[in-house]
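Participant: Protein sequence lines correspond, in order, to chains V and C.
Throughout the first sequence, residue numbering follows our numbering, covering 10 to 440 in sequence.
Throughout the second sequence, residue numbering follows our numbering, covering 390 to 672 in sequence.
Among the hints, a few may not be true.
Unchecked claim - Chain C regions said to be covered by chain V (calculated; three or more residues, Cβ under 8 Å):
hint: 1; stretch: 504 to 510
hint: 2; stretch: 565 to 576
hint: 3; stretch: 611 to 619
Said to hold, decoys possible - Straight-line C-alpha distance at most 30 Å; calculated DSSO-like pairs for lysine-lysine:
hint: 4; chain 1: C; residue 1: Lys453; chain 2: V; residue 2: Lys312
hint: 5; chain 1: C; residue 1: Lys395; chain 2: V; residue 2: Lys96
hint: 6; chain 1: C; residue 1: Lys453; chain 2: V; residue 2: Lys431
hint: 7; chain 1: C; residue 1: Lys607; chain 2: V; residue 2: Lys313
hint: 8; chain 1: C; residue 1: Lys607; chain 2: V; residue 2: Lys435
As the list claims (entries may be wrong) - If you anchor each label on the Cβ, the simulated ranges turn out as follows:
hint: 9; chain 1: V; residue 1: Asn49; chain 2: C; residue 2: Val416; range: 38 to 48 Å
hint: 10; chain 1: C; residue 1: Ile603; chain 2: V; residue 2: Ser94; range: 23 to 33 Å
hint: 11; chain 1: V; residue 1: Asp118; chain 2: C; residue 2: Ile440; range: 52 to 62 Å
hint: 12; chain 1: V; residue 1: Asn309; chain 2: C; residue 2: Glu534; range: 57 to 67 Å
Calculated directly from the structure, the hints in this document are not laboratory data.
In this text the structure is predicted, and so the values were computed from the model without any measurement.
By construction, the Cβ of each residue, glycine as well, lies at the ideal position given by its N, Cα and C atoms.
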Amino acid sequence: MIKKVISLILCLLALTGFSACSDSTAVGTKNKITTYTLKNWYSISEGNSIWNYNKHCKDSDKMIEIVEFETEEELKNKLSTELMSGKGPDLISADCLSAAGISYEKLIDQGCFVDINEVIKADTSQDQLNLSDYNEKALQSGVINGKRYFIPFYFMPNFCVASQQELEKYINADTKSLSYNDIIKINDKINEEKSDKVISSNADGYIWSYVYDNVDFINKTYNFDGEFSSTAEKLKELKGTGDKIKEELLQEFVISPYQIYEYCAEIEKYGETARIIGKPSIDTDVLSAQMCGIYFINKNSAKKQDILEFIKYALSEKEQNDVAGTDIEKYDNTTSYYDGSYFPVNKKSYKSLMNNAKKLKYLDDTIKISNESVEQLENILAQISDFQFSQSTNYMTEVGSELISDYVDGKISISMFVEDLKTKTKIYMEE
Amino acid sequence: MTRKRKDYLTAFLFVLPSLIGIAIFYVVPYIICIIKSLYIGQEFVGLINYIQLFSNNTFILALKNTVIFTVVAIPLLMIISFLIALFLNSFKKILSFFRSAFLIPVVVPVASLICVWQVVFDDYGAINGLLNTLGIDTVEFFSSEFSMGMIIFIYVWKYCGFCVILFTAGLANVPKSLYEGAKLDGANSFQLVTKVTIPMITPTTFFVFLIEIIYSFKIFREVFALFGNYPNEHIYFLQNFINNNYYNLNYPRLSSASIILSVFIIIILLVFFIFERKHSFSE
């Protein structure tokens with residue numbers, strides 16, 4: 010009898026144990042749209058769109074709940090396990106994937122995201138999304154293999170600002186973008202001069218962008234042959250140059266037109282001509298920008314149409330003006346980041362932003378920007394044809410970063426670096 | 390109900406919690422895994438996933454490295470631990486000390502061991518320091534073909550002690566009379582080992598082999614901690630492939646690779662089972 014009782018208790022314990030594996034650990038409120046993020050991870054502008062939308066949204070069921078995770082590991086495990094079991098958050102930001110170390114391009118391959126065109130087609134509301142109201146080239150970047158997986162809300166051009174006269178001392182910069190060889194030439198000449206100049210405070214990062222530029226994640230190709238080794242060796246020499254902030258030749262932190270004009274005004278103040286040019290890239294005839302505010306819709310979501318409402322709101326002229334700081338009345342170098350940043354994809358908002366930016370005075374409200382600089386910026390912005398993801402992708406975290414650090418720190422030779430980069434990239438692309 | 394039936398029922402009830410656990414956490418997922426490996430999305434594709442897997446260079450590389458590791462590391466560990474056990478068997482007084490000491494590598498946490506291995510195998514580490522002193526060039530253990538040697542060394546070091554204990558237990562059970570009889574027949578030391586000891590400890594050897602197979606898959610923790618998700622091509626194992634495809638959410642590839650890995654283990658065990666049945670004399 011005692012044996013039977015013990016065995017029955019054991020069975021009951023086992024069954025209750027299994028029942029504990031149910032939804033008890035689920036986070037978030039089921040009737041709301043959910044999105045995951047690392048604690049305090051959302052950049053101010055991107056998080057703003059969600060917070061503003063929640064304030065604007067009258068129906069609590071259509072609000073977006075941001076579920077925060079303490080660690081990358083926790084976020085990664087939760088997100089991947091849920092997606093694998095056919096669940097997961099409704100809205101998945103590129104920031105979230107980057108924090109979790111999950112590759113967006115591989116998730117696209119696995120069909121984890123919804124074709125937003127289909128959601129737009131199914132929309133029966135009065136205010137349907139008209140994609141021609143937005144920057145077509147930027148929006149086209151979200152179309153992969155004929156399906157629109159995301160609509161970027163903003164972009165940041167990969168530009169830098171320099172004095173034309175200063176630049177001409179070092180290179181014949183008549184291309185749209187600087188090349189990596191230009192950077193090497195500039196560095197060599199600066200070293201010969203033994204002057205107080207440095208190329209840029211970001212010079213350490215050129216080798217990172219050089220590696221990244223040589224990989225095509227969508228077509229799964231890479232090129233680490235030919236001049237790659239010799240260029241990498243030269244770019245390696247830039248290590249530490251960005252630390253000694255002296256006189257920077259290239260100003261690279263360009264998150265808004267206001268900031269670009271501030272740099273231009275600084276150059277024009279000394280009677281020189283401001284030159285806005287693409288950051289170093291492999292193809293000097295192509296101008297690029299980084300996309301910001303990227304959200305994917307989980308294919309498992311039952312709230313696809315509700316998410317479309319959020320997308321419409323984030324793309325609206327008012328919201329884009331708010332985030333980009335279109336309506337600021339005075340540019341203040343120290344606080345401008347909080348007033349607004351990024352370039353909106355909404356055409357009306359973009360136009361208002363550019364109009365406002367050229368009207369303002371810069372350098373503590375003292376200098377108005379020249380027409381030449383205004384025309385130059387408008388012209389070069391119109392020529393952007395390559396809209397890219399941020400370089401802090403899963404590839405860089407998993408494959409690139411440690412190898413590049415080891416190489417730059419002198420722990421591995423160039424041959425070992427290139428060989429490892431090739432084999433690991435090959436594995437990353439093929440697996 | 391007869392007493393015998395009652396006993397069966399009680400026994401069954403005792404076993405039931407384990408059966409439920411095994412069914413829920415092993416059998417059902419395994420069946421789901423087999424089914425998933427036959428689909429891409431919602432579409433039934435038959436063996437296409439398996440065919441694609443064998444045309445995938447990364448999978449072939451992972452399979453090749455796993456086979457090399459299994460074929461080299463497991464026999465090596467078995468031979469070394471058997472020889473140490475034989476040696477220790479002749480020093481009965483210090484056996485209890487070694488019994489405890491050999492278990493230490495198994496119980497030390499992986500994270501702390503990793504720190505030690507990084508120091509030992511680093512380009513400027515202990516081993517390279519020794520090699521350089523002897524006039525030998527630095528060996529890049531973390532980024533060359535020597536990585537496999539390093540992982541095999543760590544595997545042997547970590548699990549050797551445990552296997553030695555298992556072998557010594559097996560050796561202790563071999564009747565002394567067999568050795569005495571063999572000696573009277575003129576057998577030398579080598580013949581005693583090959584003709585008496587090895588056949589008599591076949592069940593122990595089989596058990597050690599099983600344990601080593603299990604441990605060989607556990608070595609992934611060390612590989613992961615030392616090299617991350619993307620180790621160099623010489624130590625990219627099937628576990629890396631499966632783990633990375635889990636985070637890529639590539640279910641068809643993940644499930645078909647897992648099935649192949651399990652079939653690979655089943656085949657090895659089956660071969661050894663047959664071998665054990667034929668060559669075991671211990672009964």
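Participant: Each of the hints needs a verdict: does it hold here or not?
Facilitator: Evaluation of the provided hints:
no.	hint	result
1	504 to 510	violated (count 0)
2	565 to 576	violated (count 0)
3	611 to 619	holds (count 3)
4	C/Lys453 x V/Lys312	violated, 45 Å
5	C/Lys395 x V/Lys96	violated, 45 Å
6	C/Lys453 x V/Lys431	holds, 19 Å
7	C/Lys607 x V/Lys313	violated, 42 Å
8	C/Lys607 x V/Lys435	holds, 26 Å
9	V/Asn49 x C/Val416: 38 to 48 Å	holds, 43 Å
10	C/Ile603 x V/Ser94: 23 to 33 Å	holds, 27 Å
11	V/Asp118 x C/Ile440: 52 to 62 Å	violated, 18 Å
12	V/Asn309 x C/Glu534: 57 to 67 Å	violated, 44 Å
Hint compliance for this structure: hints 1, 2, 4, 5, 7, 11 and 12 are broken, all remaining hints hold.
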